[in-house]
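Undergrad: If you read the sequences in order, they're chains W and Z. Residue 16 in the numbering used here sits at position 16 of the first sequence, with consecutive numbering throughout. Residue 40 in the numbering used here sits at position 40 of the second sequence, with consecutive numbering throughout.
Hints in this document: simulated from the structure, not taken from any laboratory.
Here are the simulated DSS-like cross-link-like pairs (lysine-lysine), alpha carbons at most 27 Å apart as the crow flies:
(1) K95/Z <-> K31/W
(2) K295/Z <-> K259/Z
(3) K404/Z <-> K49/W
(4) K54/Z <-> K18/Z
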Amino acid sequence: MSSLITKHTLEHLAKLARLELTAHEEERFLKDLAKILAHFEELQELDTKNVAPLTGGTELKNVFREDTLTENPNSRAGLESFPESRDDFLKIPPVFSAEGGSASGGE
Amino acid sequence: MTLLRDLTIKKFHDGLLKKEFSALEITQAFLKYIKDTDPRINAYLSLREEQAIKEAEHVDIAVAKGESVGVLAGVPLAIKDNMLLKGEVATAASKILENYTASYDATVITKLRKENAVFLGKTNLDEFAMGTSTENSAFQVTKNPHDETRVAGGSSGGSAAAVAGHMAIAALGSDTGGSIRLPASFCGVVGLKATYGAVSRSGLIAMASSLDQIGPIAKTVEDAAILFKAIAGKDPLDATSAQVDYGAELLESDFNQIKGLTIGVPKEYFIDGVSSEVRAGVESAIADLKSLGVKFKDISLPHTKHALSCYYILQPAEVSSNLARFDGVRYSRNPNLRMHPNAANRSGLDHLYFTTRGKGFGAEVKRRIILGTFVLSSGYYDAYYAKAQQVRALVKQDFTEAFKHVDMILAPISPAPAFKVGEKADDPLALYLEDIFTVPINLAGLPSLAIPVRNVKSDMEDGGSLSHLPLTNKLPVGFQLIGRAFKEADILGMGQMYENEVTSDK
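Isolated chain W, as found in the complex (with noise of 0.2 Å):
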């Protein structure tokens, strides 16, 4: 059969997960992406007109928690091990260009 995932595909995939591709990963996984796919193809003889999905791991109800204030004293723990701070603050690369649009986002 031929691959749903074409190198087009790949390379779109690539992009939305933000993920850096070698030649030779791309061309192996190409190959290993057909292979998987194709095995997923039993699933469609399988009728399931009617099922409700399963969506998570338990089937069990939904308990509100009593909404007080708790303090975390982990808070500052995650400051120590970054490589950059100021004030509290995680000193990160600008999220907004220059132009004013975002950084990451645009497709």
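Given chain W, put chain Z in place with the hints provided.
TA: Quick look at chain Z alone, frame taken from chain W:
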């Protein structure tokens, strides 16, 4: 001096109280033995020598003062390196977390610290627990202590090899699609995948959140029960943890009641691809249990063959989402972060994401992120992700139906015993197929206990040391007992009865 290979949690505890040895002596002996042996096996990624010695000394002081100490006090344990110990590196065997220092303790660690357990070190795994052989670790391949040319299984291969190789009394692993049971079976030790929700996942580096569960790997079923009881329980830090009160029944089985339980044998788990060793091993376990008076019933779990595809759609989908948090900014001490001059423009921050993730993740992790992104992408979501969620419901329904007729289910864990290192490394689908008998249980959220087949008449010539382990000239084979949700006591009880009755005494 007591041989390390003889020690179980129970024996250690008795010896400690009788002052046959101190906790410090045993911890030091383990550390020394690890240094001698582990360069061949590669079970550990890091050792906690100083801290472990302090932890052991603390227990010795308590014993000397005559304070009562719990059964886990001073017990040297190995911890899979996807669980957090505050202030210590946790890598998940990934380069992307090579320098990540945990800022809090996993709940299981908090619980074990209260028991005064000793943590010897962190064990190897497939990167982020994705794999069935521990060959996907970014740092090293763990070898099987029974045959060093073979894999230890995965993804908790380091923990299973540490226990089987007598480099820890017991260990913690995690099981998302078989990652405790498969290495336990390849290495000839006991492993428990608990009911989803039985053990808190707080502080377990998330892979597939609707499937992940932490559980014990040990030399005996009794030890696995002790460790499980210590780590189980509701935790406000994990909203999916369940309010279940596990009591003494986990440790004090009523074997007369256990004998009256019925075990189902699903025909779908004895397909053509099952090797003769596994078939013979599992059949001998069934025969032994029958001889103890346990009733068996043939059952059918008709959607078994669809579980693998279902799992390998849902699991990568959750992976692609969970691993989005590793962006080069968080969870790292990225030395390049502060000097990212280009970050001020659009390509700069993206560049940081792409390169950190591209270089930080290994091939299998990337493969699954891509696969997960694909099955979730618009246009394919219904055909893959939504379909798989429906199939998951059918897989679970199979078990619900079966448990109307039987109390537990006995099945093989993998089609064959441990394979050679490198044998399947280039064929991801072949590695996925190793999970065929383990993933249905995770999809259904059920507990399952992996036990080594003790079909081999044990020789007591080596001083009776751990005589129930299979002879080393044969590769271990395991079987699993699958229980009803939160009925760990049933499968642990049956496992203990098997372990007690089917051993050298016969």
